[in-house]
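S.K.: So the sequence shown is numbered by my numbering: it starts at 1 and just counts up by one.
Bear in mind the hints are in silico, worked out from the structure with no lab data behind them. All of these numbers come straight from a predicted model, not from anything done at the bench. Hints may be right or wrong, so weigh each one.
As the list claims (entries may be wrong) - Only pairs whose alpha carbons sit at most 25 Å apart, straight line, appear in this in silico SDA-like list of lysine to any residue:
| no. | residue 1 | residue 2 |
| --- | --- | --- |
| 1 | K44 | K109 |
| 2 | K61 | V107 |
| 3 | K10 | I93 |
| 4 | K38 | L185 |
| 5 | K38 | V107 |
| 6 | K10 | N95 |
| 7 | K10 | S194 |
| 8 | K38 | H65 |
| 9 | K38 | D198 |
| 10 | K61 | C39 |
| 11 | K9 | S132 |
| 12 | K52 | Q211 |
| 13 | K10 | V31 |
| 14 | K10 | F151 |
| 15 | K38 | I93 |
| 16 | K165 | K52 |
| 17 | K44 | F77 |
| 18 | K10 | K109 |
| 19 | K165 | T16 |
| 20 | K10 | S48 |
| 21 | K9 | A154 |
What the hints assert, rightly or not - Ranges of calculated distance between the beta carbons of each label pair, as one might list FRET restraints:
| no. | residue 1 | residue 2 | range |
| --- | --- | --- | --- |
| 22 | A133 | D99 | 25 to 33 Å |
| 23 | L182 | L146 | 40 to 48 Å |
| 24 | H65 | K44 | 20 to 28 Å |
Where a beta carbon is used, it is the ideal one built from N, C-alpha and C, also for glycine.
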Amino acid sequence: MNIHDSGYKKLFSNRTIFRQLLETFVNQEWVHSLDFDKCEPLDKSFISEHYKETESDLIYKVQFHNREVYIYILIEFQSTVEPFMALRVLNYITNFYMDFLVNNSDVEKLPAVFPIVLYNGSAPWTAPVNLSALIEQNPPLGAFALDFQYFLIAENEYSQEALLKIRNIVSTLFLAESHYDLEVLEAELLNLFSSETDRQAVSLFLNWFRQLAFHGRIESDDYQSLESIYQNEEEVKTMLVTALERERQRFFQAGRAA
1 MNIHDSGYKK
11 LFSNRTIFRQ
21 LLETFVNQEW
31 VHSLDFDKCE
41 PLDKSFISEH
51 YKETESDLIY
61 KVQFHNREVY
71 IYILIEFQST
81 VEPFMALRVL
91 NYITNFYMDF
101 LVNNSDVEKL
111 PAVFPIVLYN
121 GSAPWTAPVN
131 LSALIEQNPP
141 LGAFALDFQY
151 FLIAENEYSQ
161 EALLKIRNIV
171 STLFLAESHY
181 DLEVLEAELL
191 NLFSSETDRQ
201 AVSLFLNWFR
211 QLAFHGRIES
221 DDYQSLESIY
231 QNEEEVKTML
241 VTALERERQR
251 FFQAGRAA
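All chains should be modelled from the sequences, with the hints used to inform the complete structure.
M.R.: Here's what the structure looks like:
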């Protein structure tokens, strides 16, 4: 398993980061009706053995109006674009459904699955998102022709300006991947440290940078700079909480004395 594989899976296994990905980058109305408080990642993978070094997958079960739906995220790491990606994703989804039936043999219908391809390569994504574009249309099969479509999130399609307007963990991740600028990242991380309430999500994100530095993907000094910002921010917060608690105790004691 490569560094991007393990790092991305850990990041998006966090519910806050997963929620940010969908709410910010999946422009579908139904996303706002998902109950993210009850979502859970499944400990399953349907990646073919041949592709385990270049891609990874993550499956979430989420409640939608008291029904279970599944979000399938295929994380694509290779720098070249796979033209038949739609066929691969369809294969993984059908494998998921077959596995689902093994464990839920009494169901009358299969649950809805929303397929996402998350691509962080540098080359422009040129592969069709629709399976029908990969299949000859002669003879015209009409309603009997296979069709399937996945939702593409290509990190390099978002400009730095657009990502800077979002200001969450996922947009900062995309900035680091596609528009690496240490000064910009320092400012964005400082904003995250002060605004993000899920400290575990922030810690996971910083650990992702640590792993990049460890594997030589970024300069060690860059990581140290980001780490120092985090530590300073945590120290300031700790001092503030301590001061507020001390003041609260003082008022409490003063009230008892009165």
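S.K.: Enumerate the violated hints, using their earlier numbering and listing them in ascending order.
M.R.: The structure conflicts with hints 4, 11, 16, 18, although it agrees with all the remaining ones.
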